[in-house]
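K.L.:
Chains as they are written, first to last, in our numbering: chain X, 1 to 526; chain Z, 1001 to 1367; chain H, 2001 to 2307.
By construction, these hints were calculated from the structure, which means they are not laboratory data. All values reported here derive from a predicted model rather than from experimental measurement. Just so it is clear, CB atoms sit at the ideal spot from N, CA and C, and this is done for glycine as well. A hint or two may mislead.
[To be verified] Dumping the calculated DSS-like pairs for lysine-lysine here, alpha-carbon to alpha-carbon at most 30 Å:
#1 X:84 <-> H:2039
#2 X:417 <-> H:2040
#3 H:2159 <-> X:270
[Stated by the list, open to error] Going by beta-carbon spacing under 10 Å, a handful of chain X positions derived as facing chain Z:
#4 134
#5 399
#6 431
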Amino acid sequence: MTLTLKSILLSTSLLIATSGGAFAEMVLNRGNTGDPESLDPHKVSTVQEANIMRDLFYGLVMQDAKAELIPGAAESWTVSEDGKTYTFKLRADGKWSDGSPVTAEDFVFSFQRVVDPATAAEYAYMLAPVVNAEAITAGETPKEELGVKAIDATTFEVTLNAPTPYFLEMLTHQATYPVSRANVEALGAEFTKPGNLLSNGPFVLAAFTPNDHLELRKNAEFFEADQVKLDVVNYFPTEDRSAAMKRFEGGELHMNDDFPTEQLADMTAKFGDQVKVGPYLGTYYYVFKLTEAPWDNAELRNAISMAIDRDYLAEEVWQNTMIPAYSFVPPGIEGYQARLASYADMPQIDREDKAVEILTKLGYGPDNPLKLQISFNTSENHNNTAVAIQEQLKPLGIEVSLFNADSVTHFAMLEAKGDFDLARTGWIADYKDPENFLALCKTGTGNNHGDYSNPAFDDLMAKAASSTDPAARMGLLSDAEQIAVAEELCVMPLLHYGYHSVVSDKVAGWEANVMDIHPTRFLSVE
Amino acid sequence: MTVAERGRSLWADAWARLRANKAAMIGIAYLLLVALLCVLGPFLTPNSFSTIHKNYTRVAPSLSPYPTPEMIEPALADAIKRGRLDLAGWEQEGDRLILSVTSTREIDERVTRYVDRSDMFENTRVTELAPGGMTAKMETEVELKYFFFGTDSTGRDLLTRTLIAGRVSLAIGLLAGLVAVVIGVAYGAVAGFIGGKIDEVMMRIVDILYSLPFIFFVIMLVVFFGRNFVLMFIAVGAVMWLDMARIVRGQTLALRRQEFVQAAEALGVGRVGILIRHIVPNLLGPVVIYMTLLVPQVIILESFLSYLGLGVQEPMSSWGVLISQGAKNMPGANWMLFFPAFLLISTLFALNFIGDGLRDALDPKDR
Amino acid sequence: MARFVFRRLMIAIPTLFLIVSISFFLMRVAPGGPFDQEKKLNPVIKANLERLYQLDLPLWQQYLAYLKGLARGDFGPSFSRPEFTVAEILQSGLPVSIQLGALALALALVVGTLLGVIAALNQNRLADYAVIATATAGSTIPTFVIAPLFQLSFALSLKWFPVGGWNDGAFVNQVGPVLTLMLPQLAVVARLMRGSMIEAMRSHHIRTARALGLSDGSVIFRHALRGAVVPVISYAGPAAAALLTGSIIVETVFGIPGIGRYFVDAALNRDYTLVMGTVIVVAVFTIFFNLICDVLYAVVDPRVRYD
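Build out the structure end to end from the sequences listed, making use of the hints.
P.N.:
Right, dumping it as structure tokens:
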């Protein structure tokens, strides 16, 4: 019985392997934490979509295997002396997958399309530094007024409101990738369907079945097609990370961007250095409701913050896939010196003594316990983190209760400035610059959930924005972080994110980097 | 008076027959034992259900006490490091440890707190402080801890957690199950027995409720009424009676046309009388079986409610929540799945035996 | 009978209408919308998105617009997957879910009935206990445990089947999902069947038939089974509707492109149009299978009449 069953299975799998001439082709099966919501580079927003966009499209600048900036569709560029005008020289051999050239006109069309309110692009703000971009998105100015210009077929000029040192970094974001004007105008919303989609990157879209897989094939028209080793990339959505690990173990996936962190020890034992863990440009933090007593008292906030044993959170709850955080801006941004909280170097027990001292001074104690509710979105690790903090604050006489909800309910509550004491959230860098984090503490900005407002901080941020000297600018940002985060806890940093992936030893070309970006064009399968 | 007499003899009769059923009695005994363990056990187990044992996250179940010999060295080194000292060496004498530590600064005696802070050591003292205060000898005792079921991902004792979780799961399983049965049987029997237009309308209402998006119903409950243990029962009961109503109604349709019902009708017995005396007793078979099937569904559904914020809240737990956490930790920490799952399944086995026994005891045809 | 079926189909229309209407307003009570996420959107951009999907209109206007679309067979665009319309998503996933669900249902009914009858005929003997034990375990162990156990044992250890994936519906890829879907249902069917079969065998007309010397086989299949199958039919109606519309756990664990996962995902993402799509699918299946049940009651038991 078993024998016959096995032989049937064997012959079927052989059949599958031989059909389609899989012998000659190099195929990478890549796990992706979810299906793309869309394949329109201007409408996507998630990390899993960015992975696919980097394979399909080529922006003006791109990132290499180490996430360093490299020329993309533009072979070179110049920046005017005032730092406000960027002139990109497009490569002459840049082509769409149907063989037509990628022109400066396509970029003008694409940039206008991103900021156009009719597109409703979630990442329209990636072009916010460009002249008139924000007014166009708000529907106050026609999109033709955007500060972009096609000087000739291969020269593309962008004018900015102010010198923006991180503008090139922003251009690595998929929202700034080009789409073919002719293609979009001819096909409308249908342009992203397999067979319709024109791409200028190393791969073209071959097939997409929702919740099954997405197949990309090598783009013969890509200007460096000879350097792309893979013939086929299959992206499999892997919402269930435990199941994904089993598929990895069974050889059905070559790599996956995620794994159950609580199982790190078992996994390392089983897979050795196929398990990849390292720092990632993101921060996991809690926010206080700063507008309401008693959380409007910075001293009290600091007392709570110093009592939290971040080492325990990082080492045990997150199994060393996260790093204890005492600053909002994570390490790994060149030229930036993060300012840590003053107690970062204090031993944990001394910190707790200090915290008790402050609490007693403020009138809290066994007779008048401080009550604190932690709100978070449901997930195994968020839950464990909150539970650990609840236990850590208990000896200080703080009565912590937990309140969990599904993600949308939780974040909708934050957005509506709802009723909370301390709420979990996180931030992953869109581009490698401290400003991307610190802007969250500016008065009145969208993700400023705690409603932090300090003119001194806003002033430093404004000064940094208009500074043309990169070193001075970083210094100003650093001072700003000192005020808003280290002293006043506009956010209470808990941990810096770490990437945690599994990559089969059959895969070559994978390089660790703080952005956790691994363009498929640099990968190959042995 | 006569009604009361007959009632007593009916139930007395059933009880006698139930007592004669060994499997059912064993089931009842086991269920009571589990309930007793869940209620009283957490007071007797060595560790509290919510205490985090930092040094013992995800340790395997063991009958012998922790720490194991190889756990001592890293824990010691870690505790000393947290006190900003260096561990020069250590030796064990019985359950006492003698440590020698060095530092680049003067050693403060309060440093013993760092060693005591660890779950493994207690009563730490500095026994000898070298002149200059840069090196010292310390003495500490090993604290023995028992984790018979192992610990979870935050180092909490799984034995106590499994027992305390049983309180919630047994309560919701039995109570919500009972609510579903009462509503389902009443609704289904009435619809099937009356028939015609009323049956039609009643069953279409069931269809409608069946098709509504349950998640939004739960979220709505949370939004309007906040988190509340009672709401959990309402949410579960509200969906679970639907299947029961369909089964009962189908059964009633078949019974309604049977000779004894028609005979009773011909004798002029009122509708309510027929329903209570003839229909409902004959429904008990499928009802009891379906109820035993319902209980596990209720317990699992509860873990989903917890996800949406309506179920139990940490640090409390339930079997459904523990099992779903355990399933995620397979195959690494399989004890996190095994113990709660074992308790759940064995309890349901007992429930099944009780159910079968009850059915036999109440079966009108055997009387 | 034909008149009964026709009348029920007519009633289905107002029933569906009520389901659609109640669901539409119920889901809008929940906090948050399709564009609330961890990284909050710029209010201007969010307003643009809401305008694009007409979420900025008053609720009653959105409701009327949705009904108008439905009347034309238009389920609207999906908010969480703007690449596809709701109709396209359902079209691509539903056949997969139906295929797996139908297989699981057929197996559960056939094997479950058989096991139940065997157990009933051997009441309180070894075969009976074996069936009860299997059935209890099967209905107790949650799917989210069975599915990974299957993967660990049959896929990773024995290497008989792939761990996951659909692979265009290859036979080996279907085994795990079908078995996982089937097991709990099989358990329920077997237990219901056992119970009602025992009861049926005790009833007067079966005892009479046996006393009259009819052979066991014909008694069992002609008479007892007919009456005994009623609870199974009652159960199979909603079970069929649930199975054929997919299971979120089975589909995510095995990586199956069905529609089961949309029931939870769409709700959690507040993808309103997709939620409505799934609600309509479930409603149609529920109404249809409950009608089939009612017809079957009359078929197996001629005394049940609908007038």
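K.L.:
Has the given pair, residue 417 (chain X) with residue 2040 (chain H), been kept, meaning a C-alpha gap of at most 30 Å?
P.N.:
Given pair residue 417 (chain X), residue 2040 (chain H) holds - Cα atoms ~12 Å apart, limit 30 Å.
K.L.:
Going straight from one Cα to the other, do residue 84 (chain X) and residue 2039 (chain H) come out at no more than 30 Å?
P.N.:
28 Å, holds
K.L.:
Identify whether the interface hint at residue 134 (chain X) stands, where standing means a beta carbon of chain Z within less than 10 Å of its own.
P.N.:
34 Å, violated
K.L.:
Under the criterion of a CB-CB separation shorter than 10 Å, is residue 431 (chain X) in contact with chain Z as hinted?
P.N.:
Where the cut-off is 10 Å and the nearest Cβ of chain Z is about 34 Å from residue 431 (chain X), the hint is violated.
K.L.:
Measure nothing beyond the straight line between the CA atoms of residue 2159 (chain H) and residue 270 (chain X); if it is 30 Å or shorter, mark the hint as holding.
P.N.:
The given pair, whose Cα atoms are some 18 Å apart, holds under the 30 Å limit.
K.L.:
With 10 Å as the cut and Cβ atoms as the points, is residue 399 (chain X) at the interface with chain Z?
P.N.:
13 Å, violated
In this structure, the earlier hints numbered 4, 5 and 6 are contradicted, and the remaining ones agree with it.
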